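Enquirer: What follows is each chain in one-letter form.
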Amino acid sequence: MNVFIEALVIFLLLAGSGFLMVGSIGLARLPDFFTRLHAPTKASTLGIGGVLIASSLYFSVELPGLSVKELVITLFLFITAPITAHMMSKAAMHHQRKPIERTRNMDLMKPARRRKAPVDNQNPKSS
Amino acid sequence: MTRFLPHPLLSLVLLVVWLLLNNTIAAGHILLGGILALVIPLLTTPLQKNHPPLRRPLLAVKYLFVLMWDIILSNIEVAIQVMGPLRKLTPGFIAVPLDMTADLPITLLASSISLTPGTVSVEVSKDHQWLYVHVLNLKNEAETIQSIKQRYEKPLKEIFAC
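Quick mapping for you: the protein sequence lines, in order, are chains A and B.
All the letters of the first sequence, read from the start, carry residue numbers 212 to 338 under the numbering used here.
All the letters of the second sequence, read from the start, carry residue numbers 2 to 163 under the numbering used here.
In short, the hints are calculated from the structure, not lab data.
In this text the structure is predicted, and so the values were computed from the model without any measurement.
Be aware that one or more of the hints could be misleading.
[Said to hold, decoys possible] Derived DSSO-like pairs (lysine-lysine); straight-line CA-CA distance at most 27 angstroms:
id : chain 1 : residue 1 : chain 2 : residue 2
1  : B       : 89        : A       : 309
2  : B       : 158       : A       : 301
3  : A       : 280       : B       : 155
4  : B       : 140       : A       : 309
5  : A       : 309       : B       : 158
6  : B       : 140       : B       : 155
7  : B       : 155       : A       : 301
8  : B       : 50        : A       : 321
9  : A       : 327       : B       : 89
10 : B       : 50        : A       : 301
11 : A       : 327       : B       : 140
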């Protein structure tokens, strides 16, 4: 195999697994449910994306014919990942999970739960 | 024509995905994929709502590339935030006013927001006027809302012409 392609595959694998690890560390470190949700859903996009592109590149070079299955997997992942994240954050919101103290605009959670428009910030009552 | 092929684009996508999944362009698979691409849209048509038509396909391709670039950039940003001192993080909720009401563009906007790291869309108001978003590190509220509207909502509005 070409040295250049080999280096590219190694780089993509390392970068991909690096982002996946950061995602897992974030899941363990971040303080509350809503912030925790950010780490794993995001790691899956770039981390798994990198690993899949590396796999596609490697098998396209090693085996006869292009290997494009990975692109379909990436596509499915990009369709399903945001929906999962949305369903989990929505469930947390409706179960009245408490975000950590320093979260800004916590008053927005109430209208969001009722699926109503937020109370106007210019409202003299709120200021 | 429309009776047998209600969604030509969907049929084409189904055929291409079938061939990609099987990783082949053998005649047998093209035939089988073609039959599936004809039958599945016919069976699922009653389930579908009317979506605004795709007006600017080229802009949609550009949007895809902008989105990918943003995912890479903000992934690095979130990685730094996650590994750095957590005490500095100020998470927060924002309410983004929406200029479009159709289901499909709002779904795409919400998915784009969730895919780009640092933001997760949480809920949409019943009247489709507001999108609630959780931000991992909220520094400038007005600026974040403006960048979401400018970067994602504006092109989506143009793509679907709604």
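Enquirer: The structure should be examined with respect to each hint, and the outcome stated for every one.
Expert: Right, here's what the structure says about each hint:
{"no.": "1", "hint": "B:89 / A:309", "in the structure": "holds, 19 angstroms"}
{"no.": "2", "hint": "B:158 / A:301", "in the structure": "holds, 25 angstroms"}
{"no.": "3", "hint": "A:280 / B:155", "in the structure": "violated, 33 angstroms"}
{"no.": "4", "hint": "B:140 / A:309", "in the structure": "holds, 21 angstroms"}
{"no.": "5", "hint": "A:309 / B:158", "in the structure": "violated, 35 angstroms"}
{"no.": "6", "hint": "B:140 / B:155", "in the structure": "holds, 23 angstroms"}
{"no.": "7", "hint": "B:155 / A:301", "in the structure": "holds, 25 angstroms"}
{"no.": "8", "hint": "B:50 / A:321", "in the structure": "violated, 30 angstroms"}
{"no.": "9", "hint": "A:327 / B:89", "in the structure": "violated, 31 angstroms"}
{"no.": "10", "hint": "B:50 / A:301", "in the structure": "holds, 23 angstroms"}
{"no.": "11", "hint": "A:327 / B:140", "in the structure": "holds, 25 angstroms"}
When each numbered hint is compared with the structure, violations occur for hints 3, 5, 8 and 9.
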